[in-house]
Amino acid sequence: MVKRIPVGAHYGLRDWLAQRVTAIVMAVYSVLMMLIVLIERPSNYGTWKALFSHQWFRLASLLFALSLFWHAWIGVRDILMDYVKSTAVRLALQILVILALVAYALWSVQILWSIQ
Amino acid sequence: MKFRIYRYDPEKDTKPTMKEYDVALEPTDRMLLDALVRIKSMDDSLSLRRSCREGVCGSDAMNINGKNGLACITKLADLKEPVELRPLPGLPVIRDLIVDMSQFFKQYHSIKPYLQNAEPAPEKERLQSPTDRLELDGLYECILCACCSTSCPSFWWNPDKFVGPAGLLAAYRFIADSRDQATNDRLDDLEDPYRLFRCHSIMNCVDVCPKGLNPTRAIGKIKEIMIKRMV
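So the sequences go chain by chain: A and B. Using my numbering, read the first sequence as starting at 1 and increasing by one per residue. Using my numbering, read the second sequence as starting at 1 and increasing by one per residue.
Some hints here could point you the wrong way.
Stated by the list, open to error - Under the rule of at most 25 angstroms between Cα atoms (straight-line distance), these lysine-lysine pairs were calculated in the BS3-like manner: (1) K80(B) - K67(B); (2) K40(B) - K12(B); (3) K15(B) - K2(B); (4) K161(B) - K3(A); (5) K106(B) - K85(A); (6) K3(A) - K112(B); (7) K3(A) - K40(B); (8) K85(A) - K161(B).
Bear in mind the hints are in silico, worked out from the structure with no lab data behind them. Every value quoted in this text rests on a predicted model; they were computed, and no experiment measured them.
Chain B on its own, in the form it takes in the complex:
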């Protein structure tokens, strides 16, 4: 199977190049990550992140034939040859397929991704009704792989100011949580032309999310609550 992989080592190379690989696959090689591990055994200078190899850790997010996704859950059979692999767009490249995710995590941290509740914690746990718990489905599953935010033009243009789809999904996850008491502060923080309103609902995030989540819907819900608060 033929591959074209983005290669760049800032210490040695003046500019990035695309390197071609032709790999003989074994019948057990089903996912793109299997092929990458095989390529890595041929050419150990290729750098990439991977860990759980089953779509849970979110380490091996990359741009696969022009679309962001996780290598470990992308079927080789579905890919058009030569498979073109690039690092996630919009973030600084550390080396080959590895990007610097600091900006992405900075935005995630900015929404205070933890439960805020001033009441003293009960002996066991803060309980929720099944209906309240249902609100969190489709929100808590995010693995922070950054596929969505790095496919969003608004995040490309303003990664330092726009929270991005992943961060906003997480923000709504805590706004929607019946146990969280900081809704007003959270809304105040997001009521900003850059932090929230750079989103123009083009839904690239929904298109690429490997977990099938919908950040655009979460962003819409945040706006809905803001309208309820204002009108």
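With the rest of the complex left out, here is chain A:
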């Protein structure tokens, strides 16, 4: 059989850009979180709960979590592309990573909106 090395999947820029944008979202949220901890000094369950009862803070936290999962997907896929040479194994691992990250995303929503 001829050993062909097919390339030309015509994607990559979008992921590369997404990796940068999600990194900025995470950086902004991290600074915000640090400021809140420094200024508000939430010290007990009640103050933390009060913080997470704000709708905007839940949304910001969800944006952070989604950015993290998207960023992680691109990074982990890069690692798999570099080190896992078998296409079948790579595809299987990529599917597992996607499923895990989608589950984490749904779980994050449940956690954030379960705080009453």
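Using the hints provided, position chain B relative to the given structure of chain A.
Only chain B this time, still in chain A's reference frame:
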């Protein structure tokens, strides 16, 4: 001066070894290549490529004390002893310091390193404004010595799919050329998770380039143009 040089002859040796040499240098021996030529006169079984001996042909690229470079423009005075010489990493060794560069040139050819212009050629030459010509500085000087690509981990892992810093620098050289009309085809060809986007900007290429070129900047420019095209 003491040297430890990688020796491997696939026809005779089962595995590579490091051979030690102690050479008495003459005052005229200034560059690493001078010392290598002297070693070669003592032990003619040592194989290496060299030609112009002044950093123009790119033949004598090798791994010098852990960093890729050209032997002919590496000063002996700057080297820590024993000087450890190995072939360029990541490419198959043909013998001693000589590597098989086929994969490297295959990637270079894949970006179509020539001017593409459908308009009939003018009588003399296709003219450029000085500003347009300036765009090519820092791009056209590449001598294809492969120091950069063989210092790039992404090229080590995927030499068959990732174009590598040298190829991408050349790709941008033609994208940036005002006389070239194939920009869109070139961008289409590079828009690929392997061909271009294996680059994670770790800049090993910039660190080793003996001509002081910056493939990472060229790769960044390609991405910039792709964003302009998409957004």
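Here is how each hint holds up against the structure:
{"no.": "1", "hint": "K80(B) - K67(B)", "result": "12 angstroms, holds"}
{"no.": "2", "hint": "K40(B) - K12(B)", "result": "19 angstroms, holds"}
{"no.": "3", "hint": "K15(B) - K2(B)", "result": "23 angstroms, holds"}
{"no.": "4", "hint": "K161(B) - K3(A)", "result": "13 angstroms, holds"}
{"no.": "5", "hint": "K106(B) - K85(A)", "result": "20 angstroms, holds"}
{"no.": "6", "hint": "K3(A) - K112(B)", "result": "22 angstroms, holds"}
{"no.": "7", "hint": "K3(A) - K40(B)", "result": "40 angstroms, violated"}
{"no.": "8", "hint": "K85(A) - K161(B)", "result": "12 angstroms, holds"}
Checked against the numbered hints given earlier, the structure breaks only hint 7 and satisfies all the rest.
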